[in-house]
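Asks: Sequence:
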Amino acid sequence: MDEFIKVKIEHEISRIEKLICDIEPLIKLCKLKEPDIIEKSAAALMLHSFYNGIESILILFFKYKNENLPNDLKWHKSLFEMAFGNNSQNIIIFGDEIKKDLEKCLLYRHFIRHTYGSELDWEQMKPMVFGLNEIWNKIKIFFNNFIEKSFCDKEGNIKSP
1 MDEFIKVKIE
11 HEISRIEKLI
21 CDIEPLIKLC
31 KLKEPDIIEK
41 SAAALMLHSF
51 YNGIESILIL
61 FFKYKNENLP
71 NDLKWHKSLF
81 EMAFGNNSQN
91 IIIFGDEIKK
101 DLEKCLLYRH
111 FIRHTYGSEL
121 DWEQMKPMVF
131 GLNEIWNKIK
141 IFFNNFIEKS
151 FCDKEGNIKS
161 P
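According to the numbering used here, the stretch in the sequence shown is residues 1 to 161, in order.
Worth flagging that the hints you see were computed from the coordinates, not collected in a lab. There's no promise every hint is true.
[Claimed, not checked] Simulated crosslink set (DSS-like; lysine-lysine; CA at most 25 Å straight-line):
#1 K126 to K77
#2 K77 to K140
#3 K149 to K74
Kindly generate the complete structure, drawing on both the sequences and the hints.
Replies: Written out as structure tokens, the structure reads:
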């Protein structure tokens, strides 16, 4: 079971990696010119998918640790807070240095879910779109450290929770 969860987490990480790789031509285009409605919509979907992938990994981590997951209308925000240690086991996945950037992604995910494409504001999206690689690289470090600490013993073998 532990190996299965680790493989699922690594698969989710690879899906985010593919998303970022696939969206690179759009990011390059948006650096050359302001995106039109279709390009903004594609970038918004990418930001939404990116954050959903992070949530999927967090859920897998917390399930592995037998931590109760939030099950209310604000579960996205609760899960976010859990990743910074606000949970019954004080499990910390992310350091505070990325909290502000990750919270912007969470809030934007919510905005995208409840808006129309014609309401997308490029000036608001631009820092997240252009900063995606940087924040992902930071998040990956936290994820990889958590995987190493949670799943592997000193020899690199899978251990139980």
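Asks: Run every hint past the structure and note whether it holds.
Replies: How the hints compare with the structure:
Using a Cα cut-off of 25 Å, the hinted pair K126 and K77 holds, with the two alpha carbons roughly 23 Å apart. Taking the CA atoms of K77 and K140, the gap is near 20 Å; set against the 25 Å cutoff, the hint holds. Restraint check for K149 and K74: the C-alpha separation of about 29 Å exceeds 25 Å, so the hint is violated.
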